[in-house]
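**Student:** This is what each chain is made of:
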Amino acid sequence: MPRDYISLDTFPKILRDNSHVYKGKPSIREKEYGIWQPISWDNFFNKALLLADGFRKKGLKRTDKIAIIGDNRPNLYLSIAAAQILGAVPVPCYQDSVADEIQYILEHAEVKIAIVENQEQVDKLLEIKNRLPLLNSIFYDDPRGLEKYNEKEVFSLAVILNNKESTNINLDEEINKTSKDDIAIMLYTSGTTGRPKGVLLSYYNIISVTSVACELEKTTFNDEVVAYLPMAWVGDNIFCVAQSYISGFCINCPESRDTLTIDMREIGPTYYFAPPRVWEGMLTQLMVRMQDASKIKLWIFNYFMKIAKKWGNAILDNKNVPITSRLLYGLGYFLVYGPLKNNLGLTRVRMAYTAGEAMGPDTFLFYRSLGINLKVLYGQTEATVFVSLHRDGDVDPNTVGPVFPGVDIKIEDGEVFYKGPGVFKGYYKNEAATKETVDAKGWVKTGDAGVIDSNGHLKIIDRAKDVGKLNSGKMFAPKYLENKLKFCGIIKEAVAFGDNKNFVTCFVNIDLEAVASWAERNNIAYSGYIDLAAQPAIYDLISKEIDKVNKDLSQDPELYDSQIKRFLILHKELDADDGELTRTNKVRRSLISDRYGKLVKALYNNEEHCFIETEVTFEDGRKGSISADLKIQDMDVYDLKDKVA
Amino acid sequence: MSIKDKNTAAQSDILMNIKDISLSFGGLKALLNVNLHIKKGEILAIIGPNGAGKSSMLNVISGIYVPQKGTVEWKGKLRKKIAPHNIARMGIARTFQNIALFRGMTALENILTGRNILMKRNLFHEMFYIGKGRRQEEEHRKKVEEIIDYLEIQSIRKTPVARLPYGLQKRVELGRALALEPELLLLDEPMAGMNVEEKEDMCRFILDVNDQFGTTIVLIEHDMGVVMDISDRVAVLDYGIKIADGTPDKVRSEQKVIDAYLGVG
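Chains as they are written, first to last, in this note's numbering: chain A, 803 to 1447; chain B, 1256 to 1520.
One thing to keep in mind: the hints can contain errors.
Stated by the list, open to error - In silico BS3-like cross-links for lysine-lysine, where the CA-CA straight-line distance does not exceed 30 Å:
(1) A/Lys833 with B/Lys1397
(2) A/Lys1237 with A/Lys982
(3) B/Lys1398 with A/Lys827
(4) A/Lys950 with B/Lys1330
(5) A/Lys1294 with A/Lys1388
(6) B/Lys1413 with A/Lys1143
(7) A/Lys1097 with B/Lys1413
(8) A/Lys1353 with A/Lys1400
(9) A/Lys950 with B/Lys1295
(10) A/Lys1346 with A/Lys1294
(11) A/Lys833 with B/Lys1398
(12) A/Lys825 with B/Lys1397
(13) A/Lys1099 with B/Lys1413
Please keep in mind that the hints were generated in silico from the structure rather than gathered at the bench.
Produce the complete structure using the sequences and hints provided.
**Tutor:** See below:
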């Protein structure tokens, strides 16, 4: 039912409306004592009013900030709603953050009241309380272990929620005061570089973007979503909260982090989003478990997965598929795909998203071939998520889809810029950073390098600062190449070189687990990583994968110059302990090209092998050195015109 | 308050009073003239080298063994030889050194068995799942779910215990003992074979149970770090004789205890 978002221009107003429109229908569910307990929309509204009244009595006023810290729990979502009713700004924080990180955010945001999940978070706040003079109350949800706390600023949410005296609270006046340009929520970006920045999103930002997304995906109050991603992440606030407000569907809070798979199976969400590593993890787990299946089951699985690979995606996209293949796929659905989806809790999934990083096309197509409508979206907190999104029937695993309706995109010097209704209000108390990111005409800098392909899809290539140029003048995007290499599963890490060079070369780290199991099956004996990495058979194996990547690159007019001409397999695994990777396992390019400068030189000097000695740090902190004579292998490259069979 | 009143108050604080007991198996003297009292609400650890008589002591407390000499008083009354199900009815629950769960049953079902003695039977109601029978089942299930929530084992609720790792099986066993809502909980080496993380969890659960439900706990444990950290009082046995009894700090510094553990040079 189309609603008028001109009068319903803020969350509190929509919530009040929902309490009539979706009266009795579940708004949020939580599994308690083994049973899913729903809270209806009208009940949710009443509870939010109760909380708002309680917060008001603690001195919460318009534009004050409240912090929300914890896993996805109904009472925390209620606290957000309550704060919004009063015109206050909720600031959700990552629940895993250590006390110092939380202190920075609470201090920067001038938080007065904090709503936290449990004892763990209360302890964290009490530890830093002395340094936060503005913080005057801490409310907790789960009372366990907190009975004996007698700090005067620690309170239980239950006390407000069970307050029998405050019935018939009327906060209509407060709700009417909220307006579309008010800040709905403040989200701190995780801050991989420098201190986290507080992104301000207004109701207008969120409602205008979300209502379009809901219309695009035709979400209704019958949809179900499982809220399991951090509340401090913009995705949770848009996919779960905002879309639920607008469509009236129910948010399901898992019982605990460990029970997620069971909860997914019980709820059967129709709407599911996960970062690529979650999808990849699920697939790996599934494949490992299939290896233990009986031979006949394994055969059936492999046979029908081949059918699915061939036809599944086409059937999902409603393309022409011969009737016999459709029948075979139907049989496969009955025998394999259906049970498999059920096991993963994805039976009812109607729309599934992934975002954040590159995802291997094989993994992506695996899920699509099962009939799961998985799509990639590209977005940022600063854009209220949506910049581009795959549409039904127009999905390409190598892109992040066409531009989102209402959003404009331009590419300048290879870097992607966007503008649209979702563009944020600025960083809180950081005018300089805001100006750096958004220009006077409203274009927002993404920091990502990308191109728009012939189908109008946006393709993200790399972080803009990492993109260089080959001597031929063509773009060189190391991370894009490295990701392509890593998708094959036997390459754990790769480092590509080519900036200011004539051609591209790379270092390869083999994935010890995967390659060792391959070696075992092929009767190749080895003593350890160094030995295995130097085996000619492994060089052959890796060069086959690189050849595939080269063939693929040769078809892209932008990137055909980036084909890998020479490579070597490193004698040691790149390691965070040696400073070669960051703690989040990202390659430290400059450090590696310094430390292994000799190898890089050899790659470009036509040498056939190169001796190297490197210092390594063992886990106990001792240092040692390992040396090896590394072979360098040449690769064939393809011409642009070569049609690959 | 007169002196007499104070005495009776102190008396009622003592849950179990074991006076001068001796227990022997044939010629082997497991316990010799041991005196021990258990105060309400405390965590008491019994420690000692191998073969010191710790498990025998626990079995005397639980009533499985009846000492040849001496008396055991439960809440001020003399306790005679009793049948196992009556031990549970008295409010004493225990876990075992070697896990003793129903391996084919789920964690939930195992814990539910702990409610057994609290259930009232009515064949008719239970067969048709009506009236009292139904209400009763719901009530017990609720209690069990509270325990599951408490021990944070929601994710294995419906997993057969044979498939669970050791640390979790131990937790389920604790859950079953808690399902009895005991006054006195006996734990026989609750942390044996656990890794550091599992031990930390178990410590927290033991302290929480003591804190929140006021359950009195007697435990046998070899990990001295754990014992010194969580117990209110420690009793040390050596060759069936109690050689020390007091706060962890006091016991730690006693020469006899050091000798028993390190040997006399």
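**Student:** Of the numbered hints stated earlier in the document, which are not met by this structure?
**Tutor:** none
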